[in-house]
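First to last, the protein sequences are chains A and B. The first sequence begins at 389 in this note's numbering and counts up by one. The second sequence begins at 2 in this note's numbering and counts up by one.
Hint data in this document are derived by calculation from the structure and do not stem from the laboratory. Backbone N, C-alpha and C define an ideal beta-carbon position, used for all residues, glycine too. Worth double-checking, as some hints may not be accurate.
Said to hold, decoys possible - So the derived label-pair ranges between C-beta atoms look like this:
hint: 1; chain 1: B; residue 1: T194; chain 2: A; residue 2: F651; range: 50 to 56 Å
hint: 2; chain 1: A; residue 1: G497; chain 2: B; residue 2: Q163; range: 55 to 61 Å
hint: 3; chain 1: B; residue 1: G67; chain 2: A; residue 2: R663; range: 57 to 63 Å
hint: 4; chain 1: B; residue 1: G81; chain 2: A; residue 2: R663; range: 54 to 60 Å
hint: 5; chain 1: A; residue 1: F651; chain 2: B; residue 2: E127; range: 55 to 61 Å
hint: 6; chain 1: A; residue 1: F651; chain 2: B; residue 2: A186; range: 46 to 52 Å
hint: 7; chain 1: B; residue 1: G81; chain 2: A; residue 2: A568; range: 18 to 24 Å
Said to hold, decoys possible - Coverage of chain B stretches by chain A, computed from C-beta distances (three or more under 8 Å per stretch; other residues unrestricted):
hint: 8; region: 93 to 105
hint: 9; region: 111 to 118
hint: 10; region: 138 to 150
As the list claims (entries may be wrong) - Here are a few chain B residues that face chain A, going by a calculated C-beta distance under 8 Å:
hint: 11; residue: G79
hint: 12; residue: S244
hint: 13; residue: V248
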Amino acid sequence: MDVLTGLFTFEDYGALVSLLLNSILAAALLGVVGGLVSVFVMTRDIAFAVHGIAELSFAGAALFLLIGFDVVHGSFVGSIIAAAIIAVGGVRESEKNSIIGVLMPFGLGLGILFLALYDGRAANKFGLLTGQIVAISGESLRLLVVTALIVLVVLAVIWRPLIFAGLDPQVARARGVPVASLHLIFMVVLGLSVALSVQVVGVLLVMALLVTPAAAATQVTASPVVTPILSVVFAVVSSVGGVLVALGSPVVPISPFVTTISFLIYAVCRLIGRRRMRRHIRARTQRESDLDRHPSLR
Amino acid sequence: MTDAPPVREPVLELSDAELRFGERVVWHHLTLDVQPGEFIAVLGPNGTGKTSLLRALLGQYRLRAGSIRVNGHPPRTGDGDLGYIPQQKGMDRDTPMRGRDLIRMGLNGHRWGMGPLKRADRDRVEELIDAVGAREYSDSPVGLLSGGEQQRLRVAQALVGQPRILLCDEPLLSLDMQHQRRVAALIDEMRRTRDTAVVFVTHEINPILPYVDRVLYLAGGHHLIGPPREVMTSASLSRLYRSPIEVVEVGGRLVIVGGDDHHPHHDTDEDPADEPGILLGKGDH
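This is chain A alone, in the form it adopts within the complex (with noise of 0.2 Å):
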């Protein structure tokens, strides 16, 4: 219990809470954001691609603090060379993951080297990796919402013929399609998504944003229409959760607290979705061995 109390002191809560409104707003932006762009990195299978950007991001930050300049804007342009790079050069299945594996021991060697170089404050280092929400100043906080506002109106407009094109490139290509411009929109996308969760939750952490909503939503539905809903209340319930909890911790920066909320939603969505998983597969059993027994049928 002592652990406990040292951990929380819910003492002036309130007057934290108004002092920091800038910051929730922005976690429930941020949590919309994750939760849209979730489920295409999801089903198109991409979760490395965010590690690998993230950790490009982090690069970027490093450099733009050595040089003196904002870190925030050093991890937007470190994210969007990432995901440029990767959508680029990792058209191909197959190379996809061999180039990211390649870029993100890069970016993370580059990203310790300008930290080494640099001789300012420690806590600037440590921010990058684990989360800052609450140390963003206010200009760069318009930044976030606006990017997150540009985000949310393309992901609006390219939508479903970006879910087709994941779905099934080939047909998609056959219905007009255009399959491989969409690619590129939509990883520059992720690199701004991604900029955006590294100043949440941190470098190391982005993935309980952009990875966890969308994986706990498919367990419990398969609609298209409730799967992205479902993710985007866990994503906000994540990192406004996050933050919230965080205010009453003296000592525990915001990160710990929302991957933790996110990945218990994904826990519990799993449990939940065994039973329905298997409602499924018990019901296709059923209607081959119907097949079986009267071929008539078809």
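Fit chain B to the supplied structure of chain A, relying on the hints for placement.
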């Protein structure tokens, strides 16, 4: 084998069409009129341009010479007159899509935005669910369906936009024999009830042999067109390949033997292999 349908305005016209990749002639002097409701099988060894023919019809490849007319107009991308059924491939268990959503994609998957379907379009999806016999699993996640069920849904997806021609690119590959037979019968039923022409690319004529009106057999830049009983003979194929080919009928199945045996795998246009070695109808893979 079916009786030839009465001659009407063709839905597909190829005249003296020629396709090349660089200097390599994929096929040339290809002239073919396809009637509404006609079932054409496109056969031939790997790399002879079967899939490329479909891509040319879809407006993805341009001819070097000659012309193609799809329902009276030149090929164009996103042509609503064409439906397309791909090879079956497994889908992730957690794909957020149910049976009916897969069909729906055939109507609005290419449209920007995220709005819902119109009333009439929803009714069409329902109609197709019943037409392909997918009612039972129309609300099941597609990732948890059998390969045969997924292909039935893809047939529905290709037909829901009411195309005049159905392009099939090895849709039976990787299905077991029973599902091959059922999906083939479904495609036949659909083209009869809807008067939709079928251009069916395959390595394996046997599952569709009862339904095929004409065969387009591509090999080494040359081709043969005609009813199966005329094209699928030792004499015709030996002439086409310019080497001895034996067509044997075994238990109602056609087996083609000649040259080096090689195992059929999916067409890759990047990797042309126009040697005549071929073994067709060797069974199920």
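Hints versus structure:
no., hint, verdict
1, T194/B / F651/A: 50 to 56 Å, "holds (52 Å)"
2, G497/A / Q163/B: 55 to 61 Å, "holds (57 Å)"
3, G67/B / R663/A: 57 to 63 Å, "holds (59 Å)"
4, G81/B / R663/A: 54 to 60 Å, "violated (42 Å)"
5, F651/A / E127/B: 55 to 61 Å, "violated (40 Å)"
6, F651/A / A186/B: 46 to 52 Å, "holds (48 Å)"
7, G81/B / A568/A: 18 to 24 Å, "holds (22 Å)"
8, 93 to 105, "holds (count 9)"
9, 111 to 118, "holds (count 5)"
10, 138 to 150, "holds (count 9)"
11, G79, "holds (2 Å)"
12, S244, "violated (34 Å)"
13, V248, "violated (28 Å)"
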